[in-house]
Amino acid sequence: MQSQLPLYPEQASNFAPSVDALMVYITAICLFFAVAVTIAVVYFFFKYKRKTPGEIGVPIHGDMRLETVWLVVPLLLALTMFAGGAVIYVDYRRPPLDTLDIYVIGKQWMWKLQQPTGLREINELHVPVGRNVKLIMASEDVIHDFSIPDFRVKMDVVPGHYNTMWFRPTKTGRYHFFCSQYCGTNHALMGGWVTVMEPSDYSAWLSGSSAADANPVVAGGKLFVEKACSTCHLPDGKGRAPSLNGVYQGHVQLADGSTITADDAYLRESILAPNAKIVAGFQPLMPTFQGQLTEEDILALTAYIKSLQSQPVPATGAGVVQAGKK
Amino acid sequence: MSDTESEHHIVSPKVYLTIFAALMVCTFLTVKAAEVDLNAYFNGLNIIVALVIATFKASLVVLFFMHGKYSPKRTKLVIVCSVFWLAIMLFMTMSDYVTRPWK
Amino acid sequence: MHRTGELYGQFENLDQQRESASLGMWVFLVTEVLFFGGMFMTYTLNRSQYPEVFGEASRSINLGLGALNTVVLITSSLTMAMSVWAAQVGKKQLVTIFLILTLILGTVFLGVKGIEYHDKFVEHHVPGLNFSFEPGASVATNAHAQLFFSLYFAMTGLHALHMIIGAGLLIWLIKESFRGRFNQEYSTPVDLVGLYWHFVDIVWIFLFPLLYLIDRH
Amino acid sequence: MSTTPNSAGGYQLPREHYLNATYGIRSWLLTTDHKRIALLYLISVTFFFFIGGTFASMIRIHLLTPNGYLVTPETYNKLFTMHGVAMIFFFLIPSIPAVLGNFLIPLMIGAKDLAFPKINLLSWYIYLVGGCFVLYSFATGGLDTGWTFYTPLSSVYSNSAVTPAVLGIFINGFSSILTGLNFIVTIHTMRAPGMTWFRLPLFVWAHYATSIIFILGTPVIAITLLLAGLERMLHLGFFNPVLGGDPILFQHLFWFYSHPAVYIMILPAMGVISEIIPTFARKPIFGYSFIAGSSIAIAVIGFFVWAHHMFLTGESAYAALTFSLLSYLVAIPSAVKTFNWTSTLYKGSISWETPMLYGLGFIGLFLIGGLTGLFLACLGLDIHLHDTYFVIAHFHYIMVGGAVMGYVGGLHFWWPKITGRLYPEGLAKTAAVTLFIGFNLTFFPQFILGYLGMPRRYHSYPPEFQVFNVMSTAGASILALGYLLPMIYLTWSMRYGKIAGPNPWPATGLEWKTDSPPLTENFDVTPEVNWEPYDFDNRHDLGLDVKGAPSLAPAHGDD
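Protein chains in written order, with the working numbering: chain U, 1 to 326; chain F, 1001 to 1103; chain C, 2001 to 2217; chain Y, 3001 to 3559.
Pulled out of the complex, with its shape left as it was, chain U reads as follows (with noise of 0.2 Å):
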């Protein structure tokens, strides 16, 4: 633990190094503009103060080489600032590929957070250190937002969207979480912890719990066949619609000609508005499921067609765009 009184949090993920040498650069700019101008003003005080009732100040009107220099440095050290906020950002906002996948859900006024091997948890959630984390956010009810101060990262939890977010924890230990986002009565208590472990001690941790009948892509596997996705979607690419092997994060043709890459949202858009993106050769007959599945329900046929990323795919009738193929 720090001392008494901390002025920074932990830096226990791989963005807190570089957020916090950025909040030192622009501390440095803006301290020293402060106490520039703080400085000037309370010597002008001083300095210049009144002395005779009737005196008045020397008539200076302004200074053109003053404006200008004024308008361009802060402008030229504000878009340092742009850029070094937009590098991290980007770096945020794409995930690298090789994640583990959490799936958390945000409901007035709880955490479920559940790990790749269908493990559930509540309010707690457990990380091999070392590795790169993506978590996959849903909300049930109103907007929260999954907030973790020492590693640096939040993300709004946005009902009817799928939100990522993703960070590296480095350092093992137990890490605050917070709702952040205003979500009604008991928003405060809307927090818990992220433990980080070694990653021998987290493969222990899972082995230790028994939950494959939870395991998420089983389970999905289950609604696929239960709500007849599968009469459609046929592996080989035979079927009225598009084979789903290998279409996670691959390239799809739509039919209006652009490309897209299928991601959470692509997926989860494409079973609840099914009509919005159609795949290139193929009809807007798959009927929307919007209202009859439950979020975890989404997440868990989303996990299925993940699991079939490395499936093989047909020559036709696949959705995904073939390497080398166009």
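Possibly wrong hints are sitting among the right ones.
Now the stretches of chain U that chain Y is said to cover, found in silico as 3 or more residues with beta-carbon under 8 Å [as the list claims (entries may be wrong)]: (1) 40 to 51; (2) 61 to 75; (3) 99 to 106; (4) 138 to 146.
To give an idea of the interface, some chain Y residues facing chain F are shown, with a C-beta separation under 8 Å as derived from the structure [said to hold, decoys possible]: (5) H3188; (6) V3220; (7) H3252; (8) F3256; (9) F3303; (10) F3304; (11) A3307; (12) E3315; (13) S3316; (14) Y3318; (15) A3319; (16) M3487.
Keep in mind the hints are simulated off the structure, nothing from the lab.
Ideal Cβ placement from N, Cα and C applies to all residues, glycine included.
Starting from the structure of chain U, add chains F, C and Y where the hints point.
Positioned in the frame of chain U, the structure of chains F, C and Y alone reads:
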């Protein structure tokens, strides 16, 4: 005090009737155009045609019925501002939604 | 502030008063543009997300009545413009006649609107009352169609409210015009209500294609 | 001018002025005099300031301990929501424009009144009706959505009295719109002969910029809240994802107004400071056209930055980059203003009277508030700082340290014009210093709390955050004292203060060329302006030691 010409411009009824006729023709055109599947040529063409005609009609009303054409510069600036700010709202908000799927 | 004839005390002369009034009206119309703008924004986004359902819902409203109303409203704009002209050239009786014509056309518009609303009520297309879009429509289609009709009623309803306010202003103008108040020197109230009335017309010029025409083919 | 120094060297009140022109409650409630309407606004915004302030004190007391013993979570959520709604919509937004702006704009440009005096009165009544709706909401169940009314929390899930509050703010919007409309038209068409655009006081420029935002922004929040209210009443789906709507769209529309609204609060305060500084440094303001232009630039660019409130909602990264870059651009005009104010002090003749102390305080606090905005506009840092106490501290530095300091400073500066009397200088200086210290102690620790990660709107918090919360609460009690003092002595001075005379400081503006308090018609005859703004050097009528001026006894009392 007054930085504009303030005299009243009188538009003749002939001009009004011409504009009225043009508006009627445009209304007819826009209904007819909507019944043709223009989207077959270019996706979204129906909407574009409908909105272009609507904008043209609105411009006629502003310029002639509302005397926008004969108004002082200040009034013209006010009109341009209203359109500009509406555009900011529409375009900058839609820019968020349109660019979301981009990677 | 005391009033001398038609000149209010805060002004130096009639020119300044007329300029201020006209600028004030234009600035007010800017706020109206942004006011309706918020709804157009909501419409644009939702339509771009659910084009099919919006198209289907749009086809269920009566194009004939919509087109009729467009014609009625544009004609009322013409009569309004003519009454401004009549005031400018000092034909006091014509002012009254054109104002009455405008009022009649405005009332016809509202009447037709009432018929449309009644049809929608009968078809269970009024959100918040007894909404059901089509028998057998899925939950989502129903919700998205309800979104269309929510916007339809909000936008046309707000437009109709503006028409009603405009009609009230016209009644006041007609009353004043009977007293022969408007002439070459002073026609500011007619000018201003004219600007307002034309603006309401413009809103309808955009509402008509967006609500009635898109996806007709 | 009927005011003349009496034999003792002091002044007498003019025989006839706007306060004693007519008597009786009707003469106030049906007045169309912009000065009386300004006083009506003064009373009503002070009322809402009291309400908002009471909520704020309860919030701070509650947060003394990590588990807060004062109120339940429900009540706490209502407290901060109602604090925000009362302070923002019913105090800060109308404060300077509707009180000082209303009083001063016609006087400053040499007009008899605003262009539309009846509409001006109507604005006040609309404000009252909106205020009543909101008070009704506070009294019957309160409001717990946050002042931002984010959907679907506000439109579906909240159990509090959201509908009347939303309607109240919707109605109040028209008050702002009509005030802005009145100002714009007045500034365009009612200027006295010789009062060209570049002779306008910077206060008027700032209000012109503010009015642009009133006109272009307010209608959008009005319609948005109306839609949210309809959604709640009739279970429609505009912003409710379950029914196909998009909650993020609400945020876009909300911030399209509410970000520029921040400039509605700060721009008029900047205008006040731009009057105070040259007056008490007795020299022309440095870079007049840059300060005037930057007001307009802030108003315009301010409309291009709103989505920086939404960097973490899942908005497109491309949109986020654009909005972040534009947010940095809007910081530049504010920086330009600050540098120009500072330079104005150089080689001035600086008096340490109360309004100048507020001017000094404003520069310091606005500097911190503005600079911390640079942290929040920064995409990388916003990931960490968004929705923490850092944000709270930042906007309180702008809104309280900036806008309220400007408002209170402006009240002191123009108090002699409004009431014809001076306030007790010693007490006023004490209050100014108390406010400055109390404010910093309250809000500076919140920057650190925010960086440590304490989220906003929390009724309880982990114990490691307690130290800074205690400091903040201690500061708040000093701050409260700092606000009570001026309320007491300003009220006292209305009857017992020393008679001020027409131009006690002296200042160069047109408003100081008429009696204090002014006539109902403002000026005996329409004035003609043939001097440049803040030009002490060529103003022989002020009784100062100007080159070539006849040697005169100082006309402004005996300091």
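Status of the hints after comparison with the structure:
1. Note: the segment 40 to 51 of chain U has 8 residues with beta-carbon separation from chain Y under 8 Å; the three-residue rule is met and the coverage holds.
2. Interface restraint, the segment 61 to 75 of chain U with chain Y: holds (9 residues with C-beta to C-beta distance below 8 Å; minimum three).
3. Counting residues of the segment 99 to 106 of chain U whose C-beta lies closer than 8 Å to any C-beta of chain Y gives 0; at least three are required, and the coverage claim is violated.
4. As drawn, the segment 138 to 146 of chain U meets chain Y at 4 residues by the rule of a beta-carbon pair under 8 Å; at three or more, the given contact holds.
5. For H3188(Y), the interface hint holds, the least distance from its beta-carbon to any beta-carbon of chain F being 7 Å, beneath 8 Å.
6. Taking 8 Å as the C-beta contact cut-off toward chain F, the hint placing V3220(Y) at the interface holds, the least distance being around 7 Å.
7. A hinted interface residue such as H3252(Y) counts as satisfied when its beta carbon comes closer than 8 Å to some beta carbon of chain F; here the least separation is about 5 Å, so the hint holds.
8. For F3256(Y), the interface hint holds, the least distance from its beta-carbon to any beta-carbon of chain F being 6 Å, beneath 8 Å.
9. Annotation: F3303(Y) was flagged as interfacial toward chain F, and the flag holds, the nearest CB pair being 6 Å apart, inside 8 Å.
10. Proximity of F3304(Y) to chain F holds as hinted, the smallest CB-CB distance being about 7 Å (cut-off 8 Å).
11. Proximity of A3307(Y) to chain F holds as hinted, the smallest CB-CB distance being about 6 Å (cut-off 8 Å).
12. Checking E3315(Y) against chain F: minimum C-beta separation of about 5 Å stays under 8 Å; hint holds.
13. For S3316(Y), the interface hint holds, the least distance from its beta-carbon to any beta-carbon of chain F being 4 Å, beneath 8 Å.
14. Below 8 Å, beta-carbon pairs count as interface contacts, and Y3318(Y) has one with chain F at about 4 Å; its hint therefore holds.
15. At about 4 Å, the closest approach between the beta carbon of A3319(Y) and any beta carbon in chain F falls short of 8 Å, and the interface hint on this residue holds.
16. Given hint, M3487(Y) at the interface with chain F, is violated; its Cβ is 39 Å from that chain's nearest Cβ, farther than 8 Å.
Hints 3, 16 from the earlier list are contradicted by this structure; the remaining hints agree with it.
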